[in-house]
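Enquirer: Residue numbers (UniProt numbering), protein chains in the order written: chain A, 1 to 212; chain B, 1 to 212.
Hints in this document: simulated from the structure, not taken from any laboratory. Hints may contain errors.
Said to hold, decoys possible - Pulled a few chain B residues facing chain A out of the computed Cβ check, cut under 10 Å:
1) Tyr45
2) Lys77
3) Asp80
4) Ala82
5) His106
6) Ala145
7) Trp201
Using N, Cα and C, we set each Cβ at its ideal position, and we do this for glycine too.
Protein chains: 2
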Amino acid sequence: MKLFGYWRSSAAYRVRIALNLKKIDCELISIHLVKDGGQQHSQSYKELNPNELVPTLVDGEMSLNQSMAILDYLEQKYPDVALLPKGLEDNVKAKALAYDIACDIHPLNNLRVLSYLSNELNQEDAIKKQWYQHWVVVGFKALEASLARTKGLFCYGDEISWADICLIPQVYNAERFNVDMSQFPNIMEVTNRCRALPEFWAAAPEQQADAT
Amino acid sequence: MKLFGYWRSSAAYRVRIALNLKKIDCELISIHLVKDGGQQHSQSYKELNPNELVPTLVDGEMSLNQSMAILDYLEQKYPDVALLPKGLEDNVKAKALAYDIACDIHPLNNLRVLSYLSNELNQEDAIKKQWYQHWVVVGFKALEASLARTKGLFCYGDEISWADICLIPQVYNAERFNVDMSQFPNIMEVTNRCRALPEFWAAAPEQQADAT
Chain A
1 MKLFGYWRSS AAYRVRIALN LKKIDCELIS IHLVKDGGQQ HSQSYKELNP NELVPTLVDG
61 EMSLNQSMAI LDYLEQKYPD VALLPKGLED NVKAKALAYD IACDIHPLNN LRVLSYLSNE
121 LNQEDAIKKQ WYQHWVVVGF KALEASLART KGLFCYGDEI SWADICLIPQ VYNAERFNVD
181 MSQFPNIMEV TNRCRALPEF WAAAPEQQAD AT
Chain B
1 MKLFGYWRSS AAYRVRIALN LKKIDCELIS IHLVKDGGQQ HSQSYKELNP NELVPTLVDG
61 EMSLNQSMAI LDYLEQKYPD VALLPKGLED NVKAKALAYD IACDIHPLNN LRVLSYLSNE
121 LNQEDAIKKQ WYQHWVVVGF KALEASLART KGLFCYGDEI SWADICLIPQ VYNAERFNVD
181 MSQFPNIMEV TNRCRALPEF WAAAPEQQAD AT
C-alpha cells in the first residue's frame, strides 16, 4: 500500500493517523505541493488523481483519492481497530462531526484557495489571514457547541473516531495561522488527549520525511 | 421524518433526491437562507444545528446535520434501494466521486462564501462570478476526466449512486452562474439522464414550496 501525500496537507495527515491507529504498513510518497510549481500537477500524478490534490492511496491495482473515501476504505478493509461507532445513530453522528471539518472548514482554507486569494484576487497577506481565521473560527465555534453534547474522552464519546482524525490536522493548521484556540476548550481538551498518543504524534507534519 | 432545508441549497437538494429514490416519506420544512437575515441563524434552528447551515434531518428524537452523513443514515436505515455499489472498491470509488463535489467544489461556492466575498472583501459581482466559475471549472474538469473511466449510464457504472446525487445539484448551480457546460460532455450526459427521472425532477429547486 502506498500513500501519496504531503507533510503539511491536512487531508493526508488524516489518513496517516488512521493508518497508524490501524497499524497498517504503508509506504509514504511525497508529492511536494510547492516545489516544481506543485508536483501534484505533473502528468504522472494527474494520471493517478485527476483532481491534482493529495492524498491518493494506491493498494495493488486500485488507486483511490479523497481522504474521506480512503478512511472509509481502510475502515471496511481493516475493521479490527474500529474508527467509527457501531450503532447507526452514533455512527452517522460521529461522521457528521468529521464532515463539519472536512466539508465546511478545511476546503475553504487549503493551499490552493489561499494561493488564489493572493495570485488572482491580489489580496494582501493580512486579508488572507483574516479569511483563514474567519472560516476556522466560524467552524470551530459550531464544533465547540457540538462537542459539548457529544464529547467523552474524544470528540464522540470515549472512543477515537473520524471526528478526532479530522480535528487534529485542522487544529494544527489553525495554530499555524495564529488562531486563538483558548476560546475552544472542548476542542483543545480532545486535541491534547489525541496529541499525547503515539499514533497521532507520528502522523504530525513535522515528523514526515518531506518536512522542511 | 423531517428535513429542514432550502430550495436552492445544493446540500438539501442532494438529500431530497435520495429521499425520493428511496421512496421515504419526509416532511420538508423551509429554513429560508436569505429572509429575516437568514433563518438558519435563529436561536431555535441553532439548537437543532449549531453550524447554522442546511440541511438537518430530524427522525424521532435524533437530529442529524451534514448532507453526506444524512445520505449515509438513509443508506444504512433503508438499504432496499441501494445508492452505493456493494463491492468494497466500487463502493469507495463512487463515494470518492461524491466527495470530489461535496468536499472540493461545493464548499467554495455556497451562499455564505459568496456573501463573504461581497460583504467582507468588497469584491464586485464580476469577481464573485469569476471565483465561482473558477472553482467549478477546476472541479468539473477533474470530474470529467474521472467519469471517462467510471461512467456507465450514471457517474459510476450503470446504477445511480451518491455521485449522481451530488452531481445534479452542482450542475444546477453551475448553470445558474452561467458556466459553459458544453465543455463537459460526460457530466452532461449523466446529468441529462438523471434529470429525466421523476425522483430527480421532483427534488429540483423550482419544484419546492419555498421557491421564489
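Enquirer: All hints, please: hold or fail.
Expert: The hints, checked one at a time:
1. Tyr45: Status violated, d = 12 Å.
2. Lys77: Holds: closest Cβ of chain A sits about 6 Å from Lys77(B), inside 10 Å.
3. Asp80: This interface hint is violated because 16 Å lies over the 10 Å limit.
4. Ala82: 15 Å, violated
5. His106: Result: holds, 8 Å to nearest chain A Cβ.
6. Ala145: 4 Å, holds
7. Trp201: Violated. Min distance 26 Å.
Against the hints set out earlier in the document, violations occur for numbers 1, 3, 4 and 7.
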